[in-house]
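Counting in the working numbering, the sequence shown runs from 4 upward without gaps.
Just so you know, the hints here were simulated from the structure itself, not pulled from any lab data. Just so you know, even glycine gets a beta-carbon here, dropped at the ideal spot from N, CA and C. A couple of the hints might just be wrong.
To be verified - List of simulated lysine-lysine pairs, DSS-like, C-alpha gap at most 30 Å:
1. 77 / 89
2. 60 / 46
3. 44 / 61
To be verified - Here are the simulated distance ranges between beta carbons:
4. 35 / 65: 37 to 47 Å
5. 97 / 57: 32 to 42 Å
6. 28 / 53: 36 to 46 Å
7. 26 / 47: 47 to 57 Å
8. 43 / 63: 22 to 32 Å
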Amino acid sequence: MTASSSSLPSTPSIQGGGDDQRYRDKRSRNNAAVKKCREIKRKHERETIEDLAKEKKKFKELTEQQYLLETEVKIIQELIPFCRNKRQEGLLPPATTNN
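All chains, please: the whole structure from these sequences, using the hints.
In structure tokens, the structure reads:
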């Protein structure tokens, strides 16, 4: 492969002042675009991390709430036979139904 047929970009010639200025302008615009793109990416990453932290906190709270509710259900289930016995003994009023 010869140097002229290389796929590498050619650098602007020092002799052509206009070409050199266009190249610098192009590089400057590209550098600004890259900087902006990276800033947007960093912002998006920060937002994603913040959202993940919020979701983890919410999940933990829901897990704790689930545990408390399951514990409450177990306690109530353990009390049901006791209430049935007391009702049969006449110590509790009869159960009412809402129809």
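I want to verify a distance hint. Is the separation of the beta carbons of residue 28 and residue 53 within 36 to 46 Å?
Holds, at about 38 Å.
State, for the Cβ atoms of residue 35 and residue 65, whether the hinted interval 37 to 47 Å holds or is violated.
Because 45 Å falls inside the window, the suggested range holds.
Going straight from one Cα to the other, do residue 77 and residue 89 come out at no more than 30 Å?
Distance ~19 Å between residue 77 and residue 89 Cα, so the pair holds.
Should the hint that residue 43 and residue 63 are 22 to 32 Å apart at their CB atoms be regarded as holding?
Roughly 31 Å apart at Cβ, these two residues keep to the hinted range, so it holds.
Starting from the range 32 to 42 Å, see whether the pair residue 97 and residue 57 falls in it by beta-carbon distance.
For residue 97 and residue 57 the Cβ distance comes to about 49 Å; the hint is violated.
Decide if the proposed pair is consistent with the structure: residue 60 and residue 46, CA atoms, cutoff 30 Å inclusive.
It holds: about 21 Å lies between the C-alpha atoms, which stays within 30 Å.
Beta-carbon spacing of residue 26 to residue 47 - inside the hinted bounds 47 to 57 Å or not:
Between residue 26 and residue 47, where Cβ atoms are some 31 Å apart, the hint is violated.
Residue 44 and residue 61 were given as a pair; does the straight-line alpha-carbon distance stay at or below 30 Å?
Measuring from Cα to Cα gives roughly 26 Å; hence the hint holds.
Checked against the numbered hints above, the structure violates hints 5 and 7; every other hint is satisfied.
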